[in-house]
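Asks: Chain residues, written in single-letter form:
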Amino acid sequence: MEVRIQREPFDLGAEANAFSERQSGIGAVVIFSGIVRDLPGGELEAMEIEHYPGMTERSVAKIAEEALNRWSLGDVLIIHRYGALKPDEMIMMVATSASHRAEAFQSADFLMDFLKSRAPFWKKEIGGPRTGWVEAKREDEDALDRW
Amino acid sequence: MEVRIQREPFDLGAEANAFSERQSGIGAVVIFSGIVRDLPGGELEAMEIEHYPGMTERSVAKIAEEALNRWSLGDVLIIHRYGALKPDEMIMMVATSASHRAEAFQSADFLMDFLKSRAPFWKKEIGGPRTGWVEAKREDEDALDRW
Amino acid sequence: MDVLYFAWMRERIGISREKVETGAVTVRQLVEELSCREPRYAAAFADMDSIRVAIDQELADFDAPLAGVREVAFFPPMTGG
Amino acid sequence: MDVLYFAWMRERIGISREKVETGAVTVRQLVEELSCREPRYAAAFADMDSIRVAIDQELADFDAPLAGVREVAFFPPMTGG
Numbered sequence: 001m002e003v004r005i006q007r008e009p010f011d012l013g014a015e016a017n018a019f020s021e022r023q024s025g026i027g028a029v030v031i032f033s034g035i036v037r038d039l040p041g042g043e044l045e046a047m048e049i050e051h052y053p054g055m056t057e058r059s060v061a062k063i064a065e066e067a068l069n070r071w072s073l074g075d076v077l078i079i080h081r082y083g084a085l086k087p088d089e090m091i092m093m094v095a096t097s098a099s100h101r102a103e104a105f106q107s108a109d110f111l112m113d114f115l116k117s118r119a120p121f122w123k124k125e126i127g128g129p130r131t132g133w134v135e136a137k138r139e140d141e142d143a144l145d146r147w
Numbered sequence: 001m002e003v004r005i006q007r008e009p010f011d012l013g014a015e016a017n018a019f020s021e022r023q024s025g026i027g028a029v030v031i032f033s034g035i036v037r038d039l040p041g042g043e044l045e046a047m048e049i050e051h052y053p054g055m056t057e058r059s060v061a062k063i064a065e066e067a068l069n070r071w072s073l074g075d076v077l078i079i080h081r082y083g084a085l086k087p088d089e090m091i092m093m094v095a096t097s098a099s100h101r102a103e104a105f106q107s108a109d110f111l112m113d114f115l116k117s118r119a120p121f122w123k124k125e126i127g128g129p130r131t132g133w134v135e136a137k138r139e140d141e142d143a144l145d146r147w
Numbered sequence: 001m002d003v004l005y006f007a008w009m010r011e012r013i014g015i016s017r018e019k020v021e022t023g024a025v026t027v028r029q030l031v032e033e034l035s036c037r038e039p040r041y042a043a044a045f046a047d048m049d050s051i052r053v054a055i056d057q058e059l060a061d062f063d064a065p066l067a068g069v070r071e072v073a074f075f076p077p078m079t080g081g
Numbered sequence: 001m002d003v004l005y006f007a008w009m010r011e012r013i014g015i016s017r018e019k020v021e022t023g024a025v026t027v028r029q030l031v032e033e034l035s036c037r038e039p040r041y042a043a044a045f046a047d048m049d050s051i052r053v054a055i056d057q058e059l060a061d062f063d064a065p066l067a068g069v070r071e072v073a074f075f076p077p078m079t080g081g
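Protein chains in written order, with the numbering used here: chain A, 1 to 147; chain B, 1 to 147; chain C, 1 to 81; chain D, 1 to 81.
So here's chain A without its partners, still in its complex pose (with noise of 0.2 Å):
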């Protein structure tokens, strides 16, 4: 299990490679990344990422366990960014690997749940009319009941 909170931009192509190849004997990995839109009529300057260090490794860490201890996982990595990110840019990704594909689907599918609603993370869109702070969607929260 690896978590990694940085501010620095992360090669998604580099990191899955170097997931992939570190498991052995797994058949199925799933690899979920998020990234920043832009607004319509491209007028996003920044997505300003806040967070709570301390308490954001933390309650990363114990959604990766949960994770693992849910499914049955080679492993889980989760790498989320912070800062000022441009449109594009990647926000996070998450990587699961399992001996079969519906426990890496599941387990992937889960991480997002509770990192969009658990994680101590906030968003805030710079530039354009809606200029401000991203609201939580209840549909997020209503996700958490899936599981």
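Calculated directly from the structure, the hints in this document are not laboratory data. Here the structure is a predicted model, which is why all the values come from computation and not from measurement. Be aware that a few hints might be false.
Stated by the list, open to error - Not close to chain D: a few residues of chain A, all C-beta gaps over 12 Å, as computed:
hint : residue
1    : His100
2    : Ala119
3    : Gly128
To be verified - Cut-off 35 Å, straight-line C-alpha distance, at most; resulting in silico cross-link-like pairs (DSBU-like, lysine-lysine):
hint : chain 1 : residue 1 : chain 2 : residue 2
4    : C       : Lys19     : B       : Lys124
5    : D       : Lys19     : A       : Lys137
6    : B       : Lys137    : B       : Lys124
7    : A       : Lys124    : A       : Lys137
8    : C       : Lys19     : B       : Lys62
9    : B       : Lys124    : B       : Lys62
10   : C       : Lys19     : B       : Lys137
11   : B       : Lys86     : B       : Lys124
We put the CB at the ideal spot given by N, CA and C, even for glycine.
For chain A, the structure is supplied; the task is to place chains B, C and D on it using the hints.
Replies: For chains B, C and D alone, kept in the frame of chain A given last:
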């Protein structure tokens, strides 16, 4: 939409980065990769993958189009190898992109279920006591009913 | 028409493709005809539940008609992914 | 104890962290105490449904006791991922 049926290896990381970079305005990418699992005791010499040239390309393209019809996706990429593969080699990958994570996850999951049971590939394990054709699993066929 | 065999169907019958002249109206009739040829065909087609068929590269069922068909393929359930 | 504010809580109150001496027994009592200080606090805490609290870096609820607590953080619902 891109479908590649090939004997040659592919570079998951390079494909993941190229796929992500050619998206714009999307927020979520999901990538699945399937890897040759060794048999217990390290007895697998090779996984031989046979396919039906012509029908393979058609049926995989049809599955990809079905995903594009069902979900609001940015793009779909499917790469599937055939021939003799060694343990830990990558067999295949799918990538989907969407504005929202649920669509990216569901469509990748859907693609895998249909590639598993509706694309004309057959796996044969060479080496070890179980040498022979991999049997289709009842649960893989049942998984299609989810969609 | 061309008849193709894959995976253990191909191994049991011993060839991957052959030309077949047939008056069979449906796939099922073609299977019966082939099964009567030689024991290796009979063995390959013994368990119909574990055989799938494609007509002109589209999955089909055993009652599908063969009129105008150029290519029929028999194979076990697929194991892709 | 240290009290931390994030996102629009931090912006409305104007600081990200402060030391607070309090006799409050629960988080809710602390919120009431802070709200009485100045209008900016009252404004920040006005809509309790859109505020979350963490005690010593674990999510908690407003009835949680404060005895022995070193760090309380207030913030809007999280938007990670």
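Asks: Each hint should be assessed against the structure and marked as holding or not.
Replies: Taking the hints in turn, this is what the structure says about them:
| no. | hint | verdict |
| --- | --- | --- |
| 1 | His100 | holds (25 Å) |
| 2 | Ala119 | violated (4 Å) |
| 3 | Gly128 | holds (17 Å) |
| 4 | C:Lys19 - B:Lys124 | holds (26 Å) |
| 5 | D:Lys19 - A:Lys137 | holds (32 Å) |
| 6 | B:Lys137 - B:Lys124 | holds (14 Å) |
| 7 | A:Lys124 - A:Lys137 | holds (14 Å) |
| 8 | C:Lys19 - B:Lys62 | holds (28 Å) |
| 9 | B:Lys124 - B:Lys62 | holds (25 Å) |
| 10 | C:Lys19 - B:Lys137 | holds (32 Å) |
| 11 | B:Lys86 - B:Lys124 | holds (12 Å) |
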